[in-house]
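Undergrad: Listed in order, the protein sequences are those of chains A and B.
The numbering of the first sequence is full-length UniProt numbering, which starts it at 1 and goes up by one.
The numbering of the second sequence is full-length UniProt numbering, which starts it at 1 and goes up by one.
A portion of the hints provided could be inaccurate.
Which copy is meant is left open, so a pair is good if it fits within one copy or across any two.
Dumping the calculated DSS-like pairs for lysine-lysine here, alpha-carbon to alpha-carbon at most 27 Å [stated by the list, open to error]:
#1 LYS95 with LYS303
#2 LYS5 with LYS350
#3 LYS95 with LYS5
#4 LYS350 with LYS370
#5 LYS14 with LYS64
#6 LYS370 with LYS151
#7 LYS384 with LYS95
#8 LYS303 with LYS384
#9 LYS14 with LYS3
#10 LYS3 with LYS95
#11 LYS67 with LYS3
#12 LYS14 with LYS67
#13 LYS303 with LYS14
#14 LYS187 with LYS384
#15 LYS67 with LYS5
#16 LYS64 with LYS3
#17 LYS370 with LYS67
#18 LYS95 with LYS159
Read the hints as simulated data drawn from the structure, not as lab findings.
Protein chains: 2
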Amino acid sequence: MSKPKVFEKPTGVKDYLPEAVSKLRHIERHVLDCMHRWGYEQIMTPTMEYYDTVGVASSTSDSKLFKLLNNRGTTLVLRSDMTAPIARVVSSLLKEAPFPLRLSYHSNVFRAIEEEAGREAEFYQTGVELVGDPSAEADAEVVALAIASLKAAGVQRFKIAIGHVGFLNGLFEETLQGRDGAQEALKACLLGRDYVGYREQLHNLSLSGPVRQELEDILRLRGGQEVCAQALNLSSDPTARASINHLCEMWNVLQAYGVTEHVLIDLTMIGDFSYYTGMTFEGYAADLGFPVVSGGRYDNLLKQFGRPAPATGFALKTTRIVELIGDDASGEEQRILIGYNAAGRAEALKEALILRADGHTVITEQMESKDRPAADSSGQLVYKGTAYGSYAGFFGSEPERLTGRQRGLADK
Amino acid sequence: MSKPKVFEKPTGVKDYLPEAVSKLRHIERHVLDCMHRWGYEQIMTPTMEYYDTVGVASSTSDSKLFKLLNNRGTTLVLRSDMTAPIARVVSSLLKEAPFPLRLSYHSNVFRAIEEEAGREAEFYQTGVELVGDPSAEADAEVVALAIASLKAAGVQRFKIAIGHVGFLNGLFEETLQGRDGAQEALKACLLGRDYVGYREQLHNLSLSGPVRQELEDILRLRGGQEVCAQALNLSSDPTARASINHLCEMWNVLQAYGVTEHVLIDLTMIGDFSYYTGMTFEGYAADLGFPVVSGGRYDNLLKQFGRPAPATGFALKTTRIVELIGDDASGEEQRILIGYNAAGRAEALKEALILRADGHTVITEQMESKDRPAADSSGQLVYKGTAYGSYAGFFGSEPERLTGRQRGLADK
Numbered sequence: 001m002s003k004p005k006v007f008e009k010p011t012g013v014k015d016y017l018p019e020a021v022s023k024l025r026h027i028e029r030h031v032l033d034c035m036h037r038w039g040y041e042q043i044m045t046p047t048m049e050y051y052d053t054v055g056v057a058s059s060t061s062d063s064k065l066f067k068l069l070n071n072r073g074t075t076l077v078l079r080s081d082m083t084a085p086i087a088r089v090v091s092s093l094l095k096e097a098p099f100p101l102r103l104s105y106h107s108n109v110f111r112a113i114e115e116e117a118g119r120e121a122e123f124y125q126t127g128v129e130l131v132g133d134p135s136a137e138a139d140a141e142v143v144a145l146a147i148a149s150l151k152a153a154g155v156q157r158f159k160i161a162i163g164h165v166g167f168l169n170g171l172f173e174e175t176l177q178g179r180d181g182a183q184e185a186l187k188a189c190l191l192g193r194d195y196v197g198y199r200e201q202l203h204n205l206s207l208s209g210p211v212r213q214e215l216e217d218i219l220r221l222r223g224g225q226e227v228c229a230q231a232l233n234l235s236s237d238p239t240a241r242a243s244i245n246h247l248c249e250m251w252n253v254l255q256a257y258g259v260t261e262h263v264l265i266d267l268t269m270i271g272d273f274s275y276y277t278g279m280t281f282e283g284y285a286a287d288l289g290f291p292v293v294s295g296g297r298y299d300n301l302l303k304q305f306g307r308p309a310p311a312t313g314f315a316l317k318t319t320r321i322v323e324l325i326g327d328d329a330s331g332e333e334q335r336i337l338i339g340y341n342a343a344g345r346a347e348a349l350k351e352a353l354i355l356r357a358d359g360h361t362v363i364t365e366q367m368e369s370k371d372r373p374a375a376d377s378s379g380q381l382v383y384k385g386t387a388y389g390s391y392a393g394f395f396g397s398e399p400e401r402l403t404g405r406q407r408g409l410a411d412k
Numbered sequence: 001m002s003k004p005k006v007f008e009k010p011t012g013v014k015d016y017l018p019e020a021v022s023k024l025r026h027i028e029r030h031v032l033d034c035m036h037r038w039g040y041e042q043i044m045t046p047t048m049e050y051y052d053t054v055g056v057a058s059s060t061s062d063s064k065l066f067k068l069l070n071n072r073g074t075t076l077v078l079r080s081d082m083t084a085p086i087a088r089v090v091s092s093l094l095k096e097a098p099f100p101l102r103l104s105y106h107s108n109v110f111r112a113i114e115e116e117a118g119r120e121a122e123f124y125q126t127g128v129e130l131v132g133d134p135s136a137e138a139d140a141e142v143v144a145l146a147i148a149s150l151k152a153a154g155v156q157r158f159k160i161a162i163g164h165v166g167f168l169n170g171l172f173e174e175t176l177q178g179r180d181g182a183q184e185a186l187k188a189c190l191l192g193r194d195y196v197g198y199r200e201q202l203h204n205l206s207l208s209g210p211v212r213q214e215l216e217d218i219l220r221l222r223g224g225q226e227v228c229a230q231a232l233n234l235s236s237d238p239t240a241r242a243s244i245n246h247l248c249e250m251w252n253v254l255q256a257y258g259v260t261e262h263v264l265i266d267l268t269m270i271g272d273f274s275y276y277t278g279m280t281f282e283g284y285a286a287d288l289g290f291p292v293v294s295g296g297r298y299d300n301l302l303k304q305f306g307r308p309a310p311a312t313g314f315a316l317k318t319t320r321i322v323e324l325i326g327d328d329a330s331g332e333e334q335r336i337l338i339g340y341n342a343a344g345r346a347e348a349l350k351e352a353l354i355l356r357a358d359g360h361t362v363i364t365e366q367m368e369s370k371d372r373p374a375a376d377s378s379g380q381l382v383y384k385g386t387a388y389g390s391y392a393g394f395f396g397s398e399p400e401r402l403t404g405r406q407r408g409l410a411d412k
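Looking at chain A on its own, in the form it has when it is part of the complex (with noise of 0.2 Å):
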């Protein structure tokens, strides 16, 4: 292939120009700051990580891994996400550590894409892990956190669904034994919201009226905490039936934090089933196709590290909520320019430290005194181009020094 050009980068990742930034940074903050005040400690692991280790206990696909080979011959990952990584400091670095802990990052992630329009390579997380505890009560806190993470980062309108990985597959081994086919390809449906598809597998399956009017009657168990009732009616597969309860119990604590109205139960939805081992989440934030957060609970994870141990938590995908959230958020802010020749310097630069303390961003130019800023149409200032709050004046040998109130600026 040819050689690229100068200017390009790689397919699927990018440059964040400073709004950019200042959006990514504003989220992170508040996020951050959020999930501190839940008692959730933030830690950071490197970008790369061994294959045979974090690489395969990650729950992404192997041909989504970027991987490398160090100069020992070694296969390396870029990490695809931040769970994998984390069970391995639970495990290592933090294996004197209590339970439960409660560690939150923000980080990076990488996945090797295929030539798809809009897939990213590189994209940003800001998330939880709440590790060894198994209850109810610690799943609904990580929905909480998620929906306080949310609201932190300056989502307005979102739904979260609540789901579990044992309830399809309680009532599936209950009327479908064997038929592993079948689960799958009814399951394929499901993971991808292809209720159409659903319908027609289930007529096309041998199943008796009964059987097939069960699984159909599924796909209406999305809604409040009445769902729950609904599905205890359903099935009497006691795996099923036990993970209705926990989201029944998980929805009572979350009435507690007061945060149902963001909430639905879909017991249609369907994460990963090799990873997650208990109850899965998903956020949809109004007018975007995209999740913006997903978690559950993975209880199979921290044994591969040799510390086993119950797990949930979630992820928000922060690069989307950039695109999401307004510029309302990055706070732009005045700058003001100073003027000075080398007979004003030092006043000049004096004043510029002393504005500078007060919180302001000052750019001092060497010009000469004719060349001060000009208003332009819109009463902006501008000065080679680049436009300015405000002008603190000319430093020359007799410094033509501007009172706050003369700049814009509240006098000291």
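Given chain A, work out where chain B should sit, using these hints.
TA: Only chain B this time, still in chain A's reference frame:
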């Protein structure tokens, strides 16, 4: 080679536990805020770049670049610094933005490492680039900002040594014209700060007495402003003299900034000659053998990306500074524990939300009333092996709610 153990991570990379993250975040926030007040706007670039563009242009030697192949077979690198990626952005996304451009960053960077002790494969840098201004004012601005940034990071005692690649280039051209091998050997000694070896080289070379003396005298060219006058006496080479005059002018500006107590001129200092084109500097903290900041002028980089422009900047070695600053910077704070059972849950979770809204860190735990935390020998409250600053009470059917005063908080 054998498979890595489950808890292992690759050589040269590390995990940051909460205390270290807190320090790193503290430095990051304060330094970026400082740079912002000086008018530098933050940008972010991808972890991966094309080898043929950013990889080749970077100042990192080829053998130290982390290379990988994308799924089209094109060679990528993990960025080894931020200067070359920023040059790419200045020449592409920002190609219409007027000069001078002031940009800042905080980023992890990567170096393929040999099996040397203590070498890091991934570490953090926080820095600025000032693009489009060739003046001594601009060079002095970045040195003054480096000093302000070190102070913002919490580094108390440090010195910045300033040199100029033009001085040694000019002097060696004057005294050792055409003798490339001799020039290289002497520069190698200076780069390694091997002054004994430098003197030995001088005595082994066939040189006239005055020339040998002149080349030996440069070892004394380290100190304050007086070094400039001494250096002007030493050489009549125009390149060397122009370099000294540039440093003199910088010194005057640094005096205007009021920061010369932190600065010394060191004409024996030698940066990467293939990369830097003018003044170079390094900062050393007391009691630390490594530089904590390095920078300089690189007027030849931007044209490799199609937008020729002078540029100057620096990078703090943020990871090293984390190890340098004390524990007080991490701002450790007390966590509050709230216990509850099912009957008191709603009351307990509501209390937690109120305290968090007030900025407190609160952990809620379902427990039995009798399990309330006990004070250990140091007076710290401990529950299940974890220390808490205070206990807001147990919430049951009859909440045993403590007042703020009782639990060591100011009453609302």
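Undergrad: Run every hint past the structure and note whether it holds.
TA: So, going through the hints one by one against the coordinates:
{"no.": "1", "hint": "LYS95 with LYS303", "in the structure": "within (12 Å within a copy, 52 Å between copies)"}
{"no.": "2", "hint": "LYS5 with LYS350", "in the structure": "neither (45 Å within a copy, 57 Å between copies)"}
{"no.": "3", "hint": "LYS95 with LYS5", "in the structure": "between (48 Å within a copy, 15 Å between copies)"}
{"no.": "4", "hint": "LYS350 with LYS370", "in the structure": "within (22 Å within a copy, 62 Å between copies)"}
{"no.": "5", "hint": "LYS14 with LYS64", "in the structure": "both (18 Å within a copy, 24 Å between copies)"}
{"no.": "6", "hint": "LYS370 with LYS151", "in the structure": "neither (50 Å within a copy, 36 Å between copies)"}
{"no.": "7", "hint": "LYS384 with LYS95", "in the structure": "between (58 Å within a copy, 15 Å between copies)"}
{"no.": "8", "hint": "LYS303 with LYS384", "in the structure": "between (62 Å within a copy, 22 Å between copies)"}
{"no.": "9", "hint": "LYS14 with LYS3", "in the structure": "within (19 Å within a copy, 34 Å between copies)"}
{"no.": "10", "hint": "LYS3 with LYS95", "in the structure": "between (48 Å within a copy, 21 Å between copies)"}
{"no.": "11", "hint": "LYS67 with LYS3", "in the structure": "both (22 Å within a copy, 16 Å between copies)"}
{"no.": "12", "hint": "LYS14 with LYS67", "in the structure": "both (20 Å within a copy, 19 Å between copies)"}
{"no.": "13", "hint": "LYS303 with LYS14", "in the structure": "between (36 Å within a copy, 22 Å between copies)"}
{"no.": "14", "hint": "LYS187 with LYS384", "in the structure": "neither (61 Å within a copy, 41 Å between copies)"}
{"no.": "15", "hint": "LYS67 with LYS5", "in the structure": "both (24 Å within a copy, 18 Å between copies)"}
{"no.": "16", "hint": "LYS64 with LYS3", "in the structure": "both (25 Å within a copy, 22 Å between copies)"}
{"no.": "17", "hint": "LYS370 with LYS67", "in the structure": "neither (59 Å within a copy, 52 Å between copies)"}
{"no.": "18", "hint": "LYS95 with LYS159", "in the structure": "neither (36 Å within a copy, 41 Å between copies)"}
Going through the hint list in order, the structure does not satisfy hints 2, 6, 14, 17 and 18.
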